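Peer 1: Got chain A sorted already, so can you dock chain B with the ligand onto it with the hints?
Residue numbers (our numbering), protein chains in the order written: chain A, 1 to 394; chain B, 1 to 271.
Just to be clear, a hint being listed does not mean it is correct.
DMTMM-like cross-link-like pairs, simulated, lysine to aspartate or glutamate; straight-line CA separation at most 20 Å [said to hold, decoys possible]:
1. K118(B) - D294(A)
2. K140(A) - E153(A)
3. K118(B) - D293(A)
4. K118(B) - E46(A)
5. K209(A) - E46(A)
6. K96(B) - E125(B)
7. K372(A) - E255(A)
8. K140(A) - E125(B)
9. K30(A) - E125(B)
10. K140(A) - D294(A)
Some chain B residues flagged as far from chain A (calculated, every beta-carbon gap over 12 Å) [unchecked claim]:
11. R15
12. E48
13. K96
14. E146
15. G152
16. E192
17. P222
18. S259
These aren't lab readings, by the way, just hints derived from the structure by calculation. Since we're looking at a predicted model, the values are computed, not measured. From the three backbone atoms N, C-alpha and C, an ideal C-beta is built for every residue, glycine too.
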Amino acid sequence: MTTPLPDGQGRFGEFGGRYAPETLMPALLKLEDAFQSAWADPTFHEELGELLRTFVGRPTPVYRADRLSTQLGLNLLLKREDLAHTGAHKINNTMGQALLTRRMGKPRIIAETGAGQHGVATATVCSLLGMECAVYMGVKDIERQALNVYRMELLGAKVIPVTSGAATLKDAVSEAMRDWVSTVEDTHYIIGSVVGPHPYPWMVRELQKVIGEELIVQLDGSSLARTPADVIVACVGGGSNSIGVFHPYLDEDVELVGVEAAGHGLETKEHGASLVAGSPGVLHGAETYMLQDDEGQVREAHSISAGLDYPGVGPEHAYFKEAGLARYVSVTDSEALEAFALLSETEGIIPALESAHAIAWVLREAESLAGKTVVVNLSGRGDKDVDQVKALNG
Amino acid sequence: MVDCDGRAALEEIFRKASQENRAVLLPYLTAGLPDPISSLELFVAMAEAGADGFEVGIPYSDPLMDGPTIHEAGLAALRSGTSLGGGLEIAGAVAKETGKPVIAMSYVNPVLRIGIEKFATRSAELGISAVILADLPVDESAPFQEAFDAAGLGTVLFVAPTTGMERLRAVVQAEPVFLYGIAEVGVTGEREEASQRVGDLAASVRSVTDIPLVLGVGISTPDHAARAAAVADGVIVGSALVRRVLDAPDVASATESLSSAVSDLAKAVRV
Ligand SMILES: Cc1ncc(COP(=O)(O)O)c(C=O)c1O
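With the rest of the complex left out, here is chain B:
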């Protein structure tokens, strides 16, 4: 039997949060930021501040789904030596060190380059719970999901405000570990206003499935997070946190800034 601990740990946080009648908070940070060593510290600080789990971004040269902030973070991490292999190791260390479930986020090409099965086995060995590939639609997901399933990893699939009911049903039918609901028509990046699209998106999803729905993209403030948490099972905050690390003069101030942001967000998903 394969080792299913990783995926089970992820399913468990949704169960627990739903008992507590709240959403889970999954902060996103690029692995290897600001450098391979300090990267882990930042995640530990966020765990202590109330994160339920993490989305760990594997640096990629050409991230089509990412706006300037996460793109810049990825290039900085690549320059300081974190690519796919190093990124996965950091993701695994985060899972081990914090005891919280980690979802590795990458693009398709690095996974194909090392081989889908090898990627899956390695991720599972490292204790990663699930994988998000930003340019993998359900139409192309079968070979990936097969390998992830076999390794005991969850597969995350997307739904967007542009996704119609027919596609939504196809995505649900593939049984992802959770649905990543793209809260904005757009790439990742901070927004001033709360999304106008999440209500309809969540209602569509709810009408066909009870697979957990996690909203991400553009969610930047505790207010945005609270609004998203009101209609979904989880919230991902990325660029707003990455920005704090990029802007911080040193690791200590980055840690402090992240702690305070994450603790505010953790309160917001509990109201």
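So that you can see chain A by itself, here it is in the shape it has in the complex:
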């Protein structure tokens, strides 16, 4: 059964909603209308579709990981979002929102970034469309994703360092929202995942659904490499690549598995597993699962991967969890690092550390997955992580 969620209040069941300062509310309501009208407009889809084909390189291929499949005793297919322009799925969202920004007549765009992939994808579309761009990034992430900082600057964006809190993704989102409270009259905020107040979780999902929609067409059963999926696996930070690949499959008899970051281990509290180990609350404008203490102070997350180092998650995932529509699991830093190395050595693909979490779960569960067709949404490529991993390996 396909769920026509969110409802008019931006609710996925009890999750979602719009907990935002009043200053932003009129802009959020306008954004909802603007996206609704654009999304119903064939010319918007034509323009977006053309750019996704010619600029982003969609559809991204599905590749059968032959050697790893043999090694693991299953049929492992990779949906190659790492081959999308700029190296991750993030550009599916930024392209759509940038076109929408132009349609709304706003000249300036802001974004937050963790791994830098969303920042690069935002800087890229701003350069393409000739718009001013500022990207908020925690100083800890600026350090571990230095390559992406320079890419953003090359693309003409201004990278604004954020020093508050743990100086990672959560703090970058908060700082971008504060900027937006001050600049909302001429600025659009391109949030990088299916998080934030309504309409973001819905809008970003709609823009990321292209991943799953392509996959359904690609897996037509015409060959081993095109076998329809039994299991679909994706990493979950804010949850956009996973929602994008899961959502079109809600009607299908396919197991959906979201992999969160267990960091140093769930028992250490140094992790980013909001769904697996968090509790319901309101973070960044939406009711969802999050990491918090007994008095509702937001806890700092930890993950080796900057894109999963976030104490919240998109509200639709919270709904999927409660409704049993998807299963959520977690993988530690060291498991992700092993998967990062293994995929590089065995298949000639260096994955993003985020995506390596999804691979790592398949490695751990190979026995129970034996004989099945398992599709991993390979959300991004790992060039950005090479320096960090090199340093860790001494």
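Peer 2: Positioned in the frame of chain A, the structure of chain B with the ligand alone reads:
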């Protein structure tokens, strides 16, 4: 019947000020600043210097509506041990000690975490008059307001320069104890210039309701306060006072600095 004293005390200061043809002055300070014990002293000093009531900020880790000053103050208070429970207790002590109405200011998440009803009951027991939740728009306010009403607490709702007439009417219809008029398009923090937006904002509000309008955000000097007081029923000054506490070398100088600032502001809302 529920105990309505808290809310009534707040309504009373607006009535009295309006008879005196002036605006009320509501200084904002983060609870637990500079430490849980001295925090109360600072409020007492401000009461003696002419404050009509207080907005007491409950420290929160991720305050989206706050600029660097109040954010820093909140983190400092959290580090020295004041979170939601401790913050409410300080707010209650301020009400009791000064005899002035106290509005507790928080964000939605801590309230949900302990439970809306439990939060409301506890706040009312402590003698708090009303609650402001900075990330609670009227669209999501119903369950909160229901619980606050039941406990005899007032609910404060916001209007911003970006709020159109249709939304303004919806906010008024919810009957907040007062309207918090956001004087700047922006987060809390000191400003050099007086707001250019308050005249229009106040005129819009006045055209649809006589619910008290209190202006806050960016109001930093007696001159700003006087301009705001000329068009509204109340003025909130936050970051400019918090800054004085953060910059003070010790509690005695913080107290002195706040007293003199608040007494100048109290004069300004009376002109
Ligand atoms: C390659 C890659 N994968 C995954 C993520 C996590 O985000 P989401 O869960 O929204 O897909 C990021 C975020 O930065 C990323 O860069």
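Peer 1: Hint by hint, say whether it matches the structure.
Peer 2: Checked hints:
no.	hint	in the structure
1	K118(B) - D294(A)	holds (14 Å)
2	K140(A) - E153(A)	holds (18 Å)
3	K118(B) - D293(A)	holds (17 Å)
4	K118(B) - E46(A)	violated (52 Å)
5	K209(A) - E46(A)	holds (16 Å)
6	K96(B) - E125(B)	holds (11 Å)
7	K372(A) - E255(A)	holds (11 Å)
8	K140(A) - E125(B)	violated (43 Å)
9	K30(A) - E125(B)	violated (41 Å)
10	K140(A) - D294(A)	violated (27 Å)
11	R15	holds (26 Å)
12	E48	holds (31 Å)
13	K96	holds (22 Å)
14	E146	holds (16 Å)
15	G152	holds (23 Å)
16	E192	holds (15 Å)
17	P222	holds (24 Å)
18	S259	holds (31 Å)
The structure is inconsistent with the numbered hints 4, 8, 9 and 10, although it conforms to all the rest.
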